[in-house]
Amino acid sequence: MVSSLIGCNMYDVVVIGAGPAGANAAIDAHDHGLRVLLIDEGRDAGGQVWRPKSGSILKASVTSIERKGNQLREHLQKSEVKRKFETRVWHIEKSDNGGWIVGLSGPDDEKQVTSRTVIIATGAQERIIPVNGWTLPGVLGLAGSTALMKENLLPPHGRSIVAGTGPLVFYVASEIQRLGGNVTAISTLNSKLDWCKALPSMILKPRLLFQGLCWVLSLYLKRIPIFWRTGIITIEGENAVEGVTITKVDKDWAPKKDHQRYIPCESVCYGQGLLPEISASRLTGADHYYDEKLGGWVPTIDDLGRTSEKGIYACGDNAGILGVTVAPISGKRAAQAVIEDLKGENPGAGQSNLKMMQKFGRAMTVLNIPRSGLIKFIDDETEICRCEGITKRDIDHEIAHGAQSHNAVKSGTRCGMGPCGGRFCMDTVAMLTAHHTSKTREEIGLPTARPPLRPVILDTLSGDLDYDDLPIPGVSPL
Amino acid sequence: MNVIFDIAVIGGGIMGCGAALRLSEGGMNTVVLEQGDIGQGASGVNAGTLSMQIKRVKLMPYAIKGHEMWEKMGDQVGFHRTGGYTLAFNDKEADLLHERMSMKKEAGANIEFVSPDKIISSEPHLSKKIVAASYCPDDGYANSSLTGQYYRNRLRELDVSYIEKFGVTDILEHEEGWKICSGARTVVAKRILLAAGGWCKKLAAMIGADLPIRARINTVTVTERAPQLLSSILGHATGLLTMKQKENGTILIGGGWQGKGTPEQGRGQIDIKNLIPNLQLAKFVIPALANIRVIRSWTGFEANVPDFYPLAGKLANRDNAFILGCVRGGYTIGPYISKLMGDFILGRETEMPLFDPSRDIIEGRLI
Numbered sequence: 013m014v015s016s017l018i019g020c021n022m023y024d025v026v027v028i029g030a031g032p033a034g035a036n037a038a039i040d041a042h043d044h045g046l047r048v049l050l051i052d053e054g055r056d057a058g059g060q061v062w063r064p065k066s067g068s069i070l071k072a073s074v075t076s077i078e079r080k081g082n083q084l085r086e087h088l089q090k091s092e093v094k095r096k097f098e099t100r101v102w103h104i105e106k107s108d109n110g111g112w113i114v115g116l117s118g119p120d121d122e123k124q125v126t127s128r129t130v131i132i133a134t135g136a137q138e139r140i141i142p143v144n145g146w147t148l149p150g151v152l153g154l155a156g157s158t159a160l161m162k163e164n165l166l167p168p169h170g171r172s173i174v175a176g177t178g179p180l181v182f183y184v185a186s187e188i189q190r191l192g193g194n195v196t197a198i199s200t201l202n203s204k205l206d207w208c209k210a211l212p213s214m215i216l217k218p219r220l221l222f223q224g225l226c227w228v229l230s231l232y233l234k235r236i237p238i239f240w241r242t243g244i245i246t247i248e249g250e251n252a253v254e255g256v257t258i259t260k261v262d263k264d265w266a267p268k269k270d271h272q273r274y275i276p277c278e279s280v281c282y283g284q285g286l287l288p289e290i291s292a293s294r295l296t297g298a299d300h301y302y303d304e305k306l307g308g309w310v311p312t313i314d315d316l317g318r319t320s321e322k323g324i325y326a327c328g329d330n331a332g333i334l335g336v337t338v339a340p341i342s343g344k345r346a347a348q349a350v351i352e353d354l355k356g357e358n359p360g361a362g363q364s365n366l367k368m369m370q371k372f373g374r375a376m377t378v379l380n381i382p383r384s385g386l387i388k389f390i391d392d393e394t395e396i397c398r399c400e401g402i403t404k405r406d407i408d409h410e411i412a413h414g415a416q417s418h419n420a421v422k423s424g425t426r427c428g429m430g431p432c433g434g435r436f437c438m439d440t441v442a443m444l445t446a447h448h449t450s451k452t453r454e455e456i457g458l459p460t461a462r463p464p465l466r467p468v469i470l471d472t473l474s475g476d477l478d479y480d481d482l483p484i485p486g487v488s489p490l
Numbered sequence: 258m259n260v261i262f263d264i265a266v267i268g269g270g271i272m273g274c275g276a277a278l279r280l281s282e283g284g285m286n287t288v289v290l291e292q293g294d295i296g297q298g299a300s301g302v303n304a305g306t307l308s309m310q311i312k313r314v315k316l317m318p319y320a321i322k323g324h325e326m327w328e329k330m331g332d333q334v335g336f337h338r339t340g341g342y343t344l345a346f347n348d349k350e351a352d353l354l355h356e357r358m359s360m361k362k363e364a365g366a367n368i369e370f371v372s373p374d375k376i377i378s379s380e381p382h383l384s385k386k387i388v389a390a391s392y393c394p395d396d397g398y399a400n401s402s403l404t405g406q407y408y409r410n411r412l413r414e415l416d417v418s419y420i421e422k423f424g425v426t427d428i429l430e431h432e433e434g435w436k437i438c439s440g441a442r443t444v445v446a447k448r449i450l451l452a453a454g455g456w457c458k459k460l461a462a463m464i465g466a467d468l469p470i471r472a473r474i475n476t477v478t479v480t481e482r483a484p485q486l487l488s489s490i491l492g493h494a495t496g497l498l499t500m501k502q503k504e505n506g507t508i509l510i511g512g513g514w515q516g517k518g519t520p521e522q523g524r525g526q527i528d529i530k531n532l533i534p535n536l537q538l539a540k541f542v543i544p545a546l547a548n549i550r551v552i553r554s555w556t557g558f559e560a561n562v563p564d565f566y567p568l569a570g571k572l573a574n575r576d577n578a579f580i581l582g583c584v585r586g587g588y589t590i591g592p593y594i595s596k597l598m599g600d601f602i603l604g605r606e607t608e609m610p611l612f613d614p615s616r617d618i619i620e621g622r623l624i
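Here the protein sequences line up with chains X and B, keeping their order.
Heads up: the first sequence begins at 13 in the working numbering, then just goes up one per residue.
Heads up: the second sequence begins at 258 in the working numbering, then just goes up one per residue.
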């Protein structure tokens with residue numbers, strides 16, 4: 013029955029996401045005597061960036077990224093923070109007593125918890141601008157390929173093209189080489205000048221700058237060609253990737269059709285940076301705004317991560333793509349806000365270097381900001397919404413017939429109504445709408461936030477029931 | 258904008274757009290003012306059920322006319338005539354079903370009672386615990402997501418002006434009639450028609466009319482594409498469940514379980530303590546739903562007044578202000594009653610009587 017589904021556990025803080033931001037927030041809140049529950053979809057803490065190696069891999073050299081993840085996981089073990097892994101949050105709802113109800117789907121029987129506060133640390137998702145052939149087997153997102161390599165030490169198969177924007181292109185290419193894969197070429201929309209402009213901000217974090225230079229240097233030493241100011245215009249292949257056509261771009265990233273080159277390959281790692289994963293914070297009703305320098309839509313937060321909804325906090329990349337250097341500090345600061353708000357104590361802010369790190373993170377995000385010409389990479393027949401098979405032509409048609417907002421495009425075409433909840437197509441749809449209507453991203457808006465945050469098996473929600481116990485309210489009028 | 262419109266219709270749902278189309282055909286220079294996008298309120302988020310079995314007895318003639326209009330709109334609105342069952346699972350529900358459906362049948366609906374065995378032979382995935390059932394071959398559904406697209410296209414074809422993202426903040430008397438404000442933007446019209454569903458109460462108050470309008474917050478859920486589990490639409494004797502499987506395989510679950518929020522606060526939210534019994538009831542009726550994934554749950558506002566009859570007529574006894582709303586079964590009836598409303602404003606005789614908002618509105622009978 014319903015009552016048995018409602019957990020009687022009342023936490024002080026539920027932290028959603030056990031990456032560097034969320035795990036640090038949880039540890040600090042716990043250290044200050046708060047009752048904390050840390051939830052993550054993964055097997056263990058670390059998030060995407062510090063994703064743990066599969067348990068079946070016993071011997072392998074430990075990278076510096078992995079070392080940081082291991083430190084976090086050990087720290088968490090010692091702290092005795094209550095954790096639920098392989099658990100998804102499907103719903104967040106204000107409860108009648110001023111706290112929050114969090115709906116869970118995971119291996120244990122607890123399907124709901126209540127908490128006085130919720131820290132949202134859900135991280136980022138990939139931005140992939142769809143081009144012809146992007147749905148072929150053998151095409152991976154840049155961030156998705158890092159997950160494969162971190163967890164299973166598996167590079168993409170065959171000859172790989174690594175393409176897209178920002179630093180991830182170089183990290184992925186150097187990791188593929190390190191793990192014994194074969195990078196055939198790198199194609200980046202960025203110019204060397206873009207990177208020079210980022211340099212002043214990068215110098216603020218010399219170790220990270222050095223790390224980045226090492227990636228690029230390792231590629232140069234292996235004579236892997238880097239095609240600057242180019243993008244993939246088509247991914248070719250019958251049933252799987254057989255090659256890509258790249259093209260030179262102008263300063264707006266519009267393709268120059270007469271400067272094309274075909275490169276045979278078997279796999280493509282491809283992406284245009286990261287978007288804040290805001291579906292959870294939007295579901296709470298918190299205010300959001302659009303800032304391309306932070307990766308797109310982000311919750312409106314104060315210095316410490318308080319959103320406009322009382323009891324809801326945001327930290328890490330979902331509050332703005334500032335990367336892994338900022339995430340742990342922003343997690344600690346969100347914990348500080350919760351401690352202040354619940355206990356009236358001021359634990360003192362960890363603010364060392366925060367400004368510099370933010371500046372560094374922002375400089376990296378700016379490299380990924382899509383420019384206006386990018387839309388010209390998308391063919392009329394290219395599928396924008398994979399779940400529902402909606403092409404650019406369908407979306408353009410809807411906009412030409414008067415759809416002016418994201419919700420209007422969605423309901424007219426079904427774009428974003430499938431199982432992914434619009435995660436993959438959302439940014440492209442908004443980009444196309446902005447292009448055709450000259451409206452701002454804020455005017456175009458986002459589709460209304462609705463639960464479940466991820467598809468969830470109906471039985472998980474409903475449990476068993478006795479028909480006579482159904483709380484059937486009054487009958488409708490005749 | 259210096260145009261003086263003959264009429265401003267506030268609310269771009271089925272009611273508002275339907276009336277605007279009729280008014281425009283009748284020669285009035287019409288503008289539709291919509292706070293969001295055309296057809297994205299209750300008109301665009303309801304479960305799309307077109308069932309005679311859930312219509313009120315007195316509204317049956319309107320529902321039959323409305324149903325005919327949906328059928329004509331056809332593919333453009335995703336219309337499907339599937340036939341529909343209403344189910345009872347205990348004796349009390351069976352009595353309720355017999356009483357109600359007999360009255361609806363008398364009112365003109367094509368409803369018959371069928372044996373549980375007969376249902377199971379055509380709908381093999383239903384629970385075997387059905388005690389009694391009724392069937393209407395006319396029942397079906399349309400795709401409410403397409404409401405906005407459909408009406409926007411009609412407005413554009415007929416060259417009817419519409420302004421989206423025009424949330425009305427004030428309505429002022431004006432020498433020409435009315436000045437309607439959305440922040441600093443204004444529209445002047447000789448007449449107004451309020452057709453904004455749950456938002457009508459606030460709008461009516463702007464011109465000094467206090468109407469007893471309330472809003473229900475109905476919950477709807479959609480699943481992923483599932484194997485064929487259902488070919489007809491389903492209802493429940495209490496009215497607390499509707500189900501249909503669409504052509505693409507997704508299953509829509511409704512039934513008027515209540516969410517949270519008010520129209521003034523924006524869109525409503527689902528309430529987990531009502532969503533879960535809604536899904537439990539759905540799973541009870543089709544046990545195979547247990548392993549299907551839920552993709553999305555949402556809410557929409559359904560406005561009503563205490564006697565659960567429409568408000569359709571002059572507002573506050575003025576000759577230049579009108580209201581249309583609170584139609585129980587408004588999705589089915591909307592295209593028809595909005596046409597009647599257009600005729601009324603044009604000074605024509607209406608094919609069926611309207612529902613004067615200045616009547617004594619008393620609490621309706623609940624059985």
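Derived by calculation from the structure, the hints in this document are not laboratory data.
Wrong hints could be hidden among the right ones.
[To be verified] Ranges of calculated distance between the beta carbons of each label pair, as one might list FRET restraints: (1) X/S450 with B/T443: 21 to 27 Å; (2) B/A545 with X/S91: 55 to 61 Å; (3) B/C438 with X/H447: 48 to 54 Å; (4) B/V371 with X/E304: 58 to 64 Å; (5) B/A545 with X/F222: 55 to 61 Å; (6) X/R398 with B/G340: 55 to 61 Å; (7) X/S384 with B/R442: 56 to 62 Å.
Beta carbons are placed, not taken as given, at the ideal position from N, Cα and C, and that holds for glycine.
Hints and how they fare:
At about 23 Å, the beta-carbon gap between X/S450 and B/T443 stays in the expected band of 21 to 27 Å. Between B/A545 and X/S91 the Cβ separation comes to about 44 Å, which falls outside the hinted range of 55 to 61 Å. Distance hint check: the CB atoms of B/C438 and X/H447 are about 32 Å apart, inconsistent with the given range 48 to 54 Å. Taking the beta carbon of each, B/V371 and X/E304 are about 59 Å apart, inside 58 to 64 Å as hinted.
Roughly 59 Å separates the CB atoms of B/A545 and X/F222, a value that falls within the hinted 55 to 61 Å. As the Cβ distance of X/R398 to B/G340 is approximately 34 Å, the hint placing it in 55 to 61 Å is violated. With their beta carbons about 29 Å apart, X/S384 and B/R442 fall outside the hinted range of 56 to 62 Å.
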